[in-house]
Amino acid sequence: EAGVVQSPRYKIIEKKQPVAFWCNPISGHNTLYWYRQNLGQGPELLIRYENEEAVDDSQLPKDRFSAERLKGVDSTLKIQPAELGDSAVYLCASSFGLADSYEQYFGPGTRLTVT
Amino acid sequence: AQSVSQHNHHVILSEAASLELGCNYSYGGTVNLFWYVQYPGQHLQLLLKYFSGDPLVKGIKGFEAEFIKSKFSFNLRKPSVQWSDTAEYFCAVRAGTYKYIFGTGTRLKVLA
Numbered sequence: 001e002a003g004v005v006q007s008p009r010y011k012i013i014e015k016k017q018p019v020a021f022w023c024n025p026i027s028g029h030n031t032l033y034w035y036r037q038n039l040g041q042g043p044e045l046l047i048r049y050e051n052e053e054a055v056d057d058s059q060l061p062k063d064r065f066s067a068e069r070l071k072g073v074d075s076t077l078k079i080q081p082a083e084l085g086d087s088a089v090y091l092c093a094s095s096f097g098l099a100d101s102y103e104q105y106f107g108p109g110t111r112l113t114v115t
Numbered sequence: 001a002q003s004v005s006q007h008n009h010h011v012i013l014s015e016a017a018s019l020e021l022g023c024n025y026s027y028g029g030t031v032n033l034f035w036y037v038q039y040p041g042q043h044l045q046l047l048l049k050y051f052s053g054d055p056l057v058k059g060i061k062g063f064e065a066e067f068i069k070s071k072f073s074f075n076l077r078k079p080s081v082q083w084s085d086t087a088e089y090f091c092a093v094r095a096g097t098y099k100y101i102f103g104t105g106t107r108l109k110v111l112a
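From first to last, the protein sequence lines stand for chains X and V.
Residue 1 is where the first sequence starts when you use my numbering, and the numbers rise one by one after that.
Residue 1 is where the second sequence starts when you use my numbering, and the numbers rise one by one after that.
There are no misleading hints in this set.
So these bits of chain V aren't anywhere near chain X, every CB distance computed over 10 Å:
(1) His7
(2) Ala16
(3) Tyr25
(4) Tyr27
(5) Gly28
(6) Lys69
(7) Gln82
The calculated EDC-like cross-link candidates involving lysine to aspartate or glutamate, where the alpha carbons are at most 20 Å apart (straight line), are:
(8) V:Lys61 <-> X:Glu103
(9) V:Lys99 <-> X:Glu44
(10) X:Lys62 <-> X:Glu83
(11) V:Lys99 <-> X:Asp56
(12) X:Lys78 <-> X:Glu68
(13) V:Lys58 <-> X:Glu103
(14) V:Lys49 <-> X:Glu103
(15) V:Lys78 <-> V:Glu88
(16) V:Lys99 <-> X:Asp57
(17) V:Lys99 <-> X:Glu103
Because the hints were derived from the structure by calculation, they are not lab data.
Virtual Cβ for every residue (Gly too), placed ideally from N, Cα, C.
Taking the hints into account, I'd like the entire structure generated from these sequences.
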């Protein structure tokens with residue numbers, strides 16, 4: 001079974017430039033999460049999708065961040081414009097559903113460096 | 001606000017030593033508790049989880065954790081670590097609205 005796929009794995013951009021991250025969850029997983037992990041910290045939830053609906057985006061900085069999950073499968077997270085403080089690893093995770101027994105599976109992450 | 005505290009940021013042990021990593025959370029309601037591990041160069045993966053029932057939970061690779069409700073704790077233990085346990089360990093809590101809150105992680109280095 002293929003795991004959660006993310007691309008690119010690494011991205012270096014200058015501040016004020018836009019950047020986008022892509023995530024393909026495990027087949028059949030309805031719930032998709034985007035996390036940001038700053039250096040020396042644990043992952044922090046940015047947004048959670050149930051199918052194509054964003055059901056929790058309270059931690060997403062909406063002035064510069066946007067996300068979409070068209071057709072309830074793949075998802076894209078965008079930052080425009082990027083700031084120095086956005087340098088972090090962006091993790092995507094998916095699970096079959098919300099029930100307690102459903103484990104989150106994490107992708108390898110995209111390491112973003114903003115210069 | 002809900003939070004998860006991992007008191008040990010870096011731990012160095014020799015092989016065969018016993019391990020205990022602390023995790024405390026702040027939330028008064030029902031919680032689900034998790035330990036995740038990230039081996040060098042690999043994804044975060046689930047080590048073990050607690051939802052209900054026996055507060056002593058056994059996970060993969062000989063790890064276990066004990067939920068002590070009165071202490072708001074979910075400490076991770078292993079009686080005898082191996083070099084291959086070198087990794088970063090994250091405690092996480094799911095409280096209320098399916099929101100996962102992660103601790104800051106503990107980097108474990110096991111010396112061969």
